[in-house]
Structure formats: C-alpha cells, structure tokens
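Working from the sequences, and respecting the hints, build out all of it.
Line order of the protein sequences matches chains A and B. According to my numbering, the stretch in the first sequence is residues -6 to 139, in order. According to my numbering, the stretch in the second sequence is residues 23 to 196, in order.
One or more hints might be untrue.
[Said to hold, decoys possible] Partial chain B-side listing against chain A, Cβ under 7 Å, derived:
1) 27
2) 31
3) 94
4) 166
5) 167
[Unchecked claim] Here are a few chain A residues that sit away from chain B, every Cβ distance over 12 Å (derived from the structure):
6) 64
7) 75
8) 108
[To be verified] Derived CB-CB ranges, DEER-like:
9) B:118 to A:-5: 14 to 24 Å
10) B:74 to A:9: 36 to 46 Å
11) A:34 to B:148: 44 to 54 Å
12) A:38 to B:128: 23 to 33 Å
Since the hints were derived computationally from the structure, they do not count as laboratory data. Even for Gly, the Cβ is constructed at its ideal location relative to N, Cα and C.
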Amino acid sequence: MDIVFRAAIAFLFILLLTRIVGRRELGSLEPFDLIMLIVLGDLVQQGVTQSDYSVTGLLLAGGTLALMQVAASYLSFRFRRLRPVLDGEPIVLVEDGRLLERNLGRERLTTEELAAQARLNQIDSIDKVRWAVLETSGRISFIPKQ
Amino acid sequence: MADTPDGIVLRRHRDLVGRRWHPWVRRFLLGLVAAVSLLALLNVFGQWPSTATVAVSAATLEIRSPPAVRGGLLFQARYTVRASRALKAATLVLGRGWLDGLTVNTIEPSPLNEASRDGRLSLELGHIPAGEKHVLYIQYQVNPTTVGSHAQTVALYDGDERLLVHERKLRVYP
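See below:
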C-alpha cells in the first residue's frame, strides 16, 4: 500500500519542483540541468520502490504515476483556473525586435541565451523577431518579422 | 504594434498584470525546500547518533544511537556498561522500540543468552568485573514501511536486580 503513497508523493514533489525551479531549467538541457534530471530520476526511484524488486511493485508505482499524470492533465483541461498552477503561463520576451528585459530577468534568461535560441531557429538577430514567447513547456517560440 | 499571436493576452503575458506576485510564491516554495534541507543539516531527519548516559552506584550505562532515522537506513547502537562493582550476571533488556519495524543485522559480541523478559528482549552479557566495561554493538536496518515515533527503553539488570532504566525515543521518517 505504501508504494502507492510513495509514488503519489513523488509525483507531487516533482510537479512542485518543476513549477518552482522555473521554465528556464525545463526547456534547456545545459550540463547542470542534465545533472538535476538524471540524479532526480534515480533518487525518486529509490524513494518510491526502495527495496521492492517485484513486478507488482513496478505495476503499482508505474500505474500510480500514470494515473496522477492523467488526473493532472484532466484537471488542467477541465478547470481553466487550475492551468496557471499546473502548467504555468506563457510570457512574452521579445516584441517587435525589442527585448522585454523585465520578463527575461523574471525567468533568469540572459540576452545571450535568447540569441542562441533564436539562432537555433535560423534567426540571426533579435531585431528580426516579431514575437518571442517563453512557452509553458520551457521552450521559446519565435515568430519572425515578415 | 505587431499583431498579437493567438492565445497571447498582452496585459497578462507581456505586462504581467495579475502575475506580479507569482515569483514570490515560487521564492516561498523554494524557501520551503531550502528549509527542509537546512533542518536535515541540523540532524532533524537523522542519522547522527546522540549519547545518553545513566549512572547509578553499581554501574553506568552509556547508549550511543541516532534519535532519528529514515526508512531503509543502516545504523548502529552502542551500549557501554561500566561496572562500579562486580556484576555477576549483567543483562541488558531492550524494549519493543528497539525491535519493532527494525531488522537486527548483527549483535556483537554475541550475548551469552537471549530471552524474552515480559515481552522485551533480554540479552545476557555475563560477568563484568568491577572497574571494567562491556561494549555491545547492535547493527540495525530500518524496515522501509516503518514510520513514526518509537519508545526505546533500556534496562540494566544484574541477575534479577534492576539497576537502572533509560527511556528514549526513536523517530522514523518515511
């Protein structure tokens, strides 16, 4: 029974962590972000299953995590007010080639990081960006000027 | 001004109207996570051992064991009996809190005899000459499903004569 509780607590804890570390860490896979993802995965596994090596344990932990995921996405879909809490909200970073410094700072994003993301989208200058939006997934979407 | 992309509301997503306080929620929650780590550094969640000493005219008992542990952890309890006078049949009696939900891996040195004394574990250490000491080590592992607070009573007997009793608590975090 406790493995179900452990899995549920692990899910809620990871959800909390992903919401509080900020989307900068979610969208990028810089070395430090990789460390966090890999180490966290291992720690969570140990905390959830501990010394349980059974297939039943796998089914219980995996099933609970899947159900929690479905429940969270259903709540987000069904209740609009919960979306900012569960998924976050997009934030505009660039408007008409103009950097919105306050919004960048809020997400701990530097101009260099934004320019690098723009280059990955075949945009060589922020001046050519009509809109840049940090999406809830942590990725930055660029809409170039026509 | 450029046309706004679908789903973007400038007041909310560019000017952050109604969202100014959101970073404070994030900082508060981060503070909570940091507070838990700080409490762990202060040994709230185990497993640094603490030492308790109980002395009577016949003997002194020193117990060194962590007051808090977490599920699955290995830990050690050390019981040191110092005899002020010769103890003919020194016996340590451990309450249920030393055994419930814990796995005893080893007891060294092995006691001369193990028995149940009114539901408690009685470990006969044998003769301890005056001025000498007997050190008993028990290696434990916390069963993963064990949680909560457990009363750990230790009593030292010489034969049927009870010399001293010590009460302590073990907190087990999930």
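Structure-based check of all given hints:
| no. | hint | verdict |
| --- | --- | --- |
| 1 | 27 | holds, 6 Å |
| 2 | 31 | violated, 9 Å |
| 3 | 94 | holds, 5 Å |
| 4 | 166 | holds, 4 Å |
| 5 | 167 | holds, 5 Å |
| 6 | 64 | holds, 21 Å |
| 7 | 75 | holds, 15 Å |
| 8 | 108 | holds, 19 Å |
| 9 | B:118 to A:-5: 14 to 24 Å | holds, 21 Å |
| 10 | B:74 to A:9: 36 to 46 Å | holds, 38 Å |
| 11 | A:34 to B:148: 44 to 54 Å | holds, 51 Å |
| 12 | A:38 to B:128: 23 to 33 Å | holds, 29 Å |
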